[in-house]
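Chemist: Now for the letters of each chain:
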Amino acid sequence: MKRNEPVWLDLVSESAYKHVTMKLVQKRSKKTGLSPGTLIHIGEQRTHAVTMTLFKYAGSRCEEHVVTDASELQPPADETFTWVNVGGVHKVDLLEVLGKQFGLHPLLLEDIANTDQRPKLDDYESYFFLVMKMLMLSERGDIVVEQVSFVLGRNYVLSFQENGTDVFYSVRDRLRGGKGRLRQNGSDYLLYALVDAVVDQYFAVLEMLGERIESLQERVIADPKPDTLKDIHALKQQLLFVRRAVWPLREAINNLSRSECPLLHEPTKVFFRDVYDHVVQIVDTIETLREMVSESLDIYLSSINYRLNTVIRVLTVITTIFMPLTFIVGIYGMNFEYMPELKWPWGYPMAMGLMGVVAAVMLIGFRRKKWL
Amino acid sequence: MKRNEPVWLDLVSESAYKHVTMKLVQKRSKKTGLSPGTLIHIGEQRTHAVTMTLFKYAGSRCEEHVVTDASELQPPADETFTWVNVGGVHKVDLLEVLGKQFGLHPLLLEDIANTDQRPKLDDYESYFFLVMKMLMLSERGDIVVEQVSFVLGRNYVLSFQENGTDVFYSVRDRLRGGKGRLRQNGSDYLLYALVDAVVDQYFAVLEMLGERIESLQERVIADPKPDTLKDIHALKQQLLFVRRAVWPLREAINNLSRSECPLLHEPTKVFFRDVYDHVVQIVDTIETLREMVSESLDIYLSSINYRLNTVIRVLTVITTIFMPLTFIVGIYGMNFEYMPELKWPWGYPMAMGLMGVVAAVMLIGFRRKKWL
Amino acid sequence: MKRNEPVWLDLVSESAYKHVTMKLVQKRSKKTGLSPGTLIHIGEQRTHAVTMTLFKYAGSRCEEHVVTDASELQPPADETFTWVNVGGVHKVDLLEVLGKQFGLHPLLLEDIANTDQRPKLDDYESYFFLVMKMLMLSERGDIVVEQVSFVLGRNYVLSFQENGTDVFYSVRDRLRGGKGRLRQNGSDYLLYALVDAVVDQYFAVLEMLGERIESLQERVIADPKPDTLKDIHALKQQLLFVRRAVWPLREAINNLSRSECPLLHEPTKVFFRDVYDHVVQIVDTIETLREMVSESLDIYLSSINYRLNTVIRVLTVITTIFMPLTFIVGIYGMNFEYMPELKWPWGYPMAMGLMGVVAAVMLIGFRRKKWL
Amino acid sequence: MKRNEPVWLDLVSESAYKHVTMKLVQKRSKKTGLSPGTLIHIGEQRTHAVTMTLFKYAGSRCEEHVVTDASELQPPADETFTWVNVGGVHKVDLLEVLGKQFGLHPLLLEDIANTDQRPKLDDYESYFFLVMKMLMLSERGDIVVEQVSFVLGRNYVLSFQENGTDVFYSVRDRLRGGKGRLRQNGSDYLLYALVDAVVDQYFAVLEMLGERIESLQERVIADPKPDTLKDIHALKQQLLFVRRAVWPLREAINNLSRSECPLLHEPTKVFFRDVYDHVVQIVDTIETLREMVSESLDIYLSSINYRLNTVIRVLTVITTIFMPLTFIVGIYGMNFEYMPELKWPWGYPMAMGLMGVVAAVMLIGFRRKKWL
Amino acid sequence: MKRNEPVWLDLVSESAYKHVTMKLVQKRSKKTGLSPGTLIHIGEQRTHAVTMTLFKYAGSRCEEHVVTDASELQPPADETFTWVNVGGVHKVDLLEVLGKQFGLHPLLLEDIANTDQRPKLDDYESYFFLVMKMLMLSERGDIVVEQVSFVLGRNYVLSFQENGTDVFYSVRDRLRGGKGRLRQNGSDYLLYALVDAVVDQYFAVLEMLGERIESLQERVIADPKPDTLKDIHALKQQLLFVRRAVWPLREAINNLSRSECPLLHEPTKVFFRDVYDHVVQIVDTIETLREMVSESLDIYLSSINYRLNTVIRVLTVITTIFMPLTFIVGIYGMNFEYMPELKWPWGYPMAMGLMGVVAAVMLIGFRRKKWL
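Protein chains in written order, with my numbering: chain V, 1 to 372; chain G, 1 to 372; chain A, 1 to 372; chain R, 1 to 372; chain Y, 1 to 372.
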């Protein structure tokens with residue numbers, strides 16, 4: 001894997017397990033024993049150059065720059081709004097410069113550099129800090145996970161991604177085009193637009209997972225085998241993972257939509273409440289999908305069990321029919337001198353007939369018991 | 001399936017799985033990347049003409065119109081009450097016109113056009129917005145699902161359905177007939193009557209599901225087979241689906257019945273509390289039905305397990321009886337020159353007798369162990 | 001079943017399933033589409049005559065009447081207390097008359113006539129409305145279920161039962177005898193006495209269920225068979241049913257004991273808190289009984305499983321011993337011309353001895369592995 | 001069992017089931033239909049004489065009496081503190097006298113006489129009433145259960161036990177010796193000391209259960225058999241029982257430690273908070289022990305399952321090896337006139353060699369598949 | 001095990017069970033019956049000498065002493081800050097001296113000496129008391145558990161460990177070096193630094209557990225056997241143990257970060273909120289790891305089940321193919337005089353051909369049914 005590639009969650013492959021486990025517990029260890037506030041990047045190791053783009057807009061105007069020197073950036077002094085998007089959090093010196101320019105708390109910078117955060121909202125009074133997980137679908141259909149952090153100040157928004165690729169293209173287009181509410185509203189509305197863009201992607205991911213569960217449910221009835229079981233568990237793991245990314249977001253967005261802070265205007269809160277509704281629906285859907293996967297597992301186990309039954313029934317039928325027959329032919333294979341049947345001209349056909357009758361009686365009995 | 005048919009949830013058929021999955025996750029994807037507030041219809045694609053009916057009433061009077069031009073509609077200026085029922089939400093331009101006439105929030109219109117909503121109550125101060133799922137039984141006995149949205153203003157109610165067919169016939173009859181409380185009370189009572197009509201249908205759906213669970217419970221004991229398992233899982237999915245439709249409604253109706261808003265008069269709240277009681281009872285019943293279905297699954301698995309036991313016991317009995325017999329006949333089939341028994345005149349009957357004794361001992365032993 | 005018999009919940013019989021299911025979902029359907037407040041009896045169809053008894057008491061006095069004309073009844077104007085007990089709720093016109101005389105809300109009357117209510121407490125300001133389930137044991141030991149509703153006014157109590165038979169005989173005796181606190185206290189204390197009499201019966205029902213679970217637990221270890229499984233599931237269903245009757249009562253009684261309403265005097269609330277403690281204990285006991293039944297199911301399944309094991313072990317032992325022996329006798333049954341052993345005089349005993357050794361080795365091996 | 005023996009919970013014996021069930025549901029039935037406040041002893045029938053001991057202390061003084069006439073007792077009028085311990089609650093007339101002397105509510109007396117109470121705290125304003133379960137270990141290692149009730153007045157504590165034997169010896173010693181805080185503090189501190197003595201015994205019981213679970217976990221891996229299963233279920237039942245005794249206590253003690261009532265002094269509440277911490281830890285430990293027992297059940301079932309597997313594998317290996325061999329010897333046992341092999345001098349060794357090769361191939365195949 | 005060694009939790013070995021059980025329930029018994037406030041050491045018996053180190057710092061200054069006489073210690077009178085670290089809690093007389101010098105409550109000293117505490121925060125107004133579990137990894141990769149208690153006064157911190165080894169080396173280095181915020185801030189920040197150091201170690205432990213779960217998940221698919229099951233249960237037990245150590249900490253740290261007490265300065269609370277976020281993430285991760293282990297158990301059982309299936313299928317195929325063949329060879333082994341086939345020159349090849357056809361038909365049938 002090249003260094004600056006995003007984290008791929010391969011579906012339906014064993015490596016999925018490893019990835020998730022790694023994500024969960026492996027990253028922080030290099031931090032142990034350091035002074036709090038020491039900036040250290042935790043996460044996938046990356047070496048790509050960090051890109052910074054600046055949008056400066058107000059009503060009719062909108063400028064777009066690529067920034068190379070972070071020390072040029074600062075909160076806008078006039079009544080314009082500023083959006084700085086930082087594509088990479090592995091250069092901690094750059095984060096430190098930005099932190100100084102915008103007066104950010106050291107713990108906040110630490111949280112940005114640590115890509116192993118739980119989604120959360122922190123209220124630092126003069127600014128909000130929001131961490132989310134950005135889920136995207138790669139062209140191969142895998143789930144790509146990236147952490148994205150937002151700082152919402154009075155008239156600026158800072159967004160930090162692990163990588164340059166993101167889901168904000170539509171927000172950029174709307175800013176450039178000037179259509180819609182985006183330019184007319186403040187930085188809180190911009191934050192809403194960004195968060196909404198991230199949450200919208202969750203629906204796409206769930207759609208994909210839903211389709212896979214659907215195809216799984218067909219296979220599980222038609223042809224249950226260990227591979228199906230692996231797929232079930234891979235899907236379970238995926239849903240567990242997505243749930244971890246979305247579940248804590250619910251509370252964060254709820255707090256945002258109910259905040260009394262002057263950074264958020266009343267009309268914007270209605271929109272955050274709408275995002276909140278979406279997140280609730282996503283959580284709801286995840287739970288339903290989880291129940292469906294569990295049910296697939298139940299069906300799988302029942303099918304396996306039923307097949308076992310069928311196999312054992314066949315075994316029993318075969319054994320029960322042939323055991324008496326083999327016994328009978330064994331009798332007439334005995335070497336006693338005085339076995340009158342052996343001398344009879346009709347002995348052989350009679351023995352065959354007897355065995356035919358025994359077999360027929362057995363078969364009829366089995367049919368009555370519905371074993372055949 | 002023709003375009004303007006409602007969503008059929010076929011019971012006891014595999015397609016049920018698909019439908020639910022689709023409902024859960026497939027609809028929103030075309031919306032990704034659009035500006036919030038952009039009206040897009042999400043749901044079953046429909047092309048039928050949208051019907052609009054208008055009831056205008058106050059005390060003794062009641063007029064009924066079919067409306068063709070939405071721009072004629074507006075909140076009543078006088079002391080009459082207005083109910084506008086819109087049969088179709090797939091024409092977004094029409095929704096926009098209505099939204100303008102009644103001063104509705106863009107997000108509200110978006111929610112109406114998106115038929116994939118979770119039931120909820122939104123308080124927009126000058127009006128309430130309530131989304132519900134309308135469950136109906138088709139003539140074939142399938143569950144038909146339609147989203148219905150209500151806007152409750154000071155003296156009007158707007159209702160939006162996906163389709164023309166609905167469960168409001170009794171409300172219309174009562175409005176036309178003028179009997180009962182309906183015409184004497186305001187728009188809040190009308191909303192109650194409509195919500196009550198929707199909730200009443202839930203009982204009919206649960207009744208049908210209850211009957212099917214009953215018949216299932218009989219079959220599961222009498223004749224457990226994979227088809228029964230499929231039925232169990234189809235019923236589980238159905239109940240999961242109905243629960244998703246009803247569960248969030250509980251909170252919405254509760255909020256409505258406790259709202260301090262002047263749009264709701266005190267005497268009407270008693271009625272909403274009654275609806276709330278019904279919803280609680282429905283939720284309760286769903287949970288009980290779910291427990292019953294789970295229990296059916298348990299019984300199914302136990303029955304299968306018990307049958308397996310029986311089959312294996314038969315196998316063991318047969319094997320255990322015939323193995324020694326076959327061994328004995330094998331002995332006397334050996335070709336040793338010096339086997340005195342073979343020369344005895346009573347050798348053959350003695351061997352047969354020996355085998356009879358062995359078989360009898362075995363049978364008695366099995367009977368003692370209660371294996372036969 | 002004759003018309004005016006109560007609902008019998010036959011324990012340990014399949015019909016139990018049906019009854020419960022019917023109770024859950026079948027009753028309301030005839031109501032769909034009717035105007036709210038329309039009085040319709042929902043429940044077991046009954047035709048028996050409705051009996052009404054009136055107790056009028058205060059301190060030392062106590063009169064008892066059988067009432068035939070409901071329109072004679074009314075809230076007492078003087079400082080006496082009145083208890084009207086109505087034995088039957090299927091005559092809706094009678095309910096309407098009573099409702100008019102006592103000024104009862106139409107929804108309350110609807111709830112009385114609908115015997116499919118969830119236990120609940122409604123506060124109508126000038127009176128309380130309490131719905132409960134009365135559980136009784138028939139002589140056959142079955143659980144009899146009846147709905148009982150109470151209206152508590154300033155100085156009257158109305159009680160409505162489905163049938164004439166009830167559990168209030170001790171309350172009547174105490175009223176007639178004049179002993180104890182009953183006559184000295186107001187209508188709230190009377191309500192307490194009635195509720196307490198109903199709740200006391202729950203203990204008797206739980207006692208009976210506890211005994212059956214006890215006998216079940218013995219059978220499940222001694223002789224697990226499908227009938228035991230049916231009993232387990234019947235008991236489960238019974239407990240589910242009793243739980244549905246008691247669970248919501250907890251909150252209702254709690255609200256009653258904490259109500260600030262002047263209808264309830266402070267000293268009486270202590271008694272309601274005592275009833276509340278009983279209900280909590282009953283709920284607790286039901287949960288424990290449920291856990292015991294679940295455990296019985298676990299033991300049942302483990303026992304079945306263990307027996308399967310035993311059976312398969314027998315099968316394996318038999319097969320493993322006789323297969324090699326049969327193979328050996330097969331060898332000496334071959335017809336090769338040059339088989340020196342066949343000619344040996346000691347061939348036959350040697351072959352038999354060889355087989356004895358093989359069998360003995362096998363048996364010792366099995367004993368070592370503890371399979372025998 | 002003699003009459004005045006405590007309730008023994010025999011561990012690892014079937015009678016444990018019966019006892020618990022009885023405790024849960026059998027006791028109250030004789031009370032049905034009686035007026036509330038009628039004193040009736042509910043519980044194990046006992047006939048032993050009731051012992052009453054009185055401690056009267058204040059600072060440096062401490063008197064100890066055995067009381068025979070309850071009517072001599074009364075709340076102390078001076079600044080001394082009184083502790084009355086009553087050893088037996090089956091003499092209801094004695095309880096009535098005490099109730100009169102100390103001004104106790106009839107319902108409180110009823111609760112004392114009913115030994116089937118859920119642990120709880122009742123606040124009667126001028127006194128507190130606390131019910132607990134006293135768990136002790138008998139010399140045989142069984143759990144002995146006794147109900148103990150406390151009444152805390154301004155300067156007295158009444159304690160009621162079912163029996164004379166208790167866990168308060170250390171409290172008595174400290175009162176007599178005068179060491180520690182006990183004599184210097186008021187009645188609330190005495191209550192604390194008594195409650196603490198009861199709770200300390202819970203640790204001893206958990207210790208014993210923990211050791212048994214430990215020994216169980218060893219047996220369940222080494223030698224799983226139905227007796228182990230019985231032990232698992234007996235332990236489960238025991239833990240369920242202990243949990244029922246402790247769980248409600250948590251809330252009761254918490255309420256006590258947070259009470260605003262003047263009966264409890266601020267410095268004593270710190271001690272009750274300490275007891276609360278202990279109870280929380282006990283609840284926690286019970287939950288962990290329960291998880292361990294559940295896990296033992298899982299291990300038991302897995303072990304049984306694995307053994308079944310092993311047995312069936314042996315069966316299959318034996319069958320698969322000998323079936324083809326038996327078939328081959330069968331071929332050469334056929335009586336066709338024209339079977340050239342039978343005439344070959346090397347036919348017999350060749351057939352034996354062929355069978356050896358077949359068996360070897362089979363064995364190698366099984367070894368490759370790791371079935372051997 | 002030598003006396004002063006820490007508690008080793010051996011992973012993947014049976015002794016793990018014992019240890020945890022002991023920790024849970026065995027320690028307190030020697031305390032039963034003692035007066036509360038009597039100092040008794042509960043926990044692993046230790047005899048090593050107790051070490052005490054003192055840090056005295058303020059801004060630029062920092063002194064470090066080894067203390068031998070506890071009675072020299074006392075809360076600093078000037079504006080410096082003091083940290084006393086006590087390495088051993090088994091000398092109760094030393095604890096008593098310290099308690100006297102710093103004015104600590106007897107119950108607090110009792111809690112320090114009892115190493116079987118649940119993590120908790122107690123607010124004694126003039127100081128806070130915090131108990132935590134210190135988890136460390138030994139060189140062998142085992143989890144070492146030690147209890148650590150903190151007392152936070154106005155300008156001092158006392159820390160008590162069971163042993164001399166700890167995780168505070170980085171805090172000491174920062175104090176000595178004078179870099180970072182540590183010397184500039186008060187005792188509350190020092191407490192934060194110590195707590196943070198303990199919590200950081202939890203990540204290391206989870207990392208190790210995560211890696212083991214990963215390797216487990218690979219083995220469980222590749223080669224499920226009873227040893228794997230033991231490992232699963234050992235991991236389960238470990239996670240249960242870690243969860244018990246972390247779960248109650250969440251509430252304690254939350255209370256600390258929200259405390260209104262003047263001992264905690266506003267800027268420090270932000271840091272405690274950060275620790276709180278870490279603890280929440282750890283709890284979250286533990287839950288996910290637990291779900292993964294449960295899933296491993298599911299996969300294990302399914303794999304075992306599937307293998308059973310495969311084995312039985314092989315058995316059935318072998319039996320079903322050879323039973324008819326053995327029957328046919330049996331027929332031609334019969335000794336009837338008149339069996340024409342036996343005389344035919346082509347009888348033998350024909351019989352062989354017939355058997356070949358039967359076997360082929362069977363094989364094709366099995367292949368169609370996908371049993372081969």
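Just so you know, these hints were derived from the structure itself, not from any lab.
Heads up, a few of these hints could be off.
Copies of one chain are not kept apart here, so a pair can be met inside one copy or by any two copies together.
[Said to hold, decoys possible] Calculated pairs, BS3-like style, for lysine-lysine (alpha carbon to alpha carbon, straight line, at most 25 Å):
(1) LYS225 - LYS56
(2) LYS91 - LYS120
(3) LYS269 - LYS120
(4) LYS236 - LYS225
(5) LYS230 - LYS120
(6) LYS179 - LYS369
(7) LYS230 - LYS91
(8) LYS269 - LYS343
(9) LYS225 - LYS269
(10) LYS269 - LYS179
(11) LYS100 - LYS269
Keep in mind it's a predicted model, so treat the numbers as computed, not measured.
Chemist: If a hint holds in the structure, say so; if it doesn't, say that too.
Modeler: Cross-check of the supplied hints:
| no. | hint | in the structure |
| --- | --- | --- |
| 1 | LYS225 - LYS56 | neither (57 Å within a copy, 63 Å between copies) |
| 2 | LYS91 - LYS120 | within (23 Å within a copy, 39 Å between copies) |
| 3 | LYS269 - LYS120 | both (18 Å within a copy, 17 Å between copies) |
| 4 | LYS236 - LYS225 | both (17 Å within a copy, 24 Å between copies) |
| 5 | LYS230 - LYS120 | neither (33 Å within a copy, 38 Å between copies) |
| 6 | LYS179 - LYS369 | neither (74 Å within a copy, 63 Å between copies) |
| 7 | LYS230 - LYS91 | neither (39 Å within a copy, 45 Å between copies) |
| 8 | LYS269 - LYS343 | neither (104 Å within a copy, 101 Å between copies) |
| 9 | LYS225 - LYS269 | neither (50 Å within a copy, 54 Å between copies) |
| 10 | LYS269 - LYS179 | within (21 Å within a copy, 43 Å between copies) |
| 11 | LYS100 - LYS269 | between (30 Å within a copy, 22 Å between copies) |
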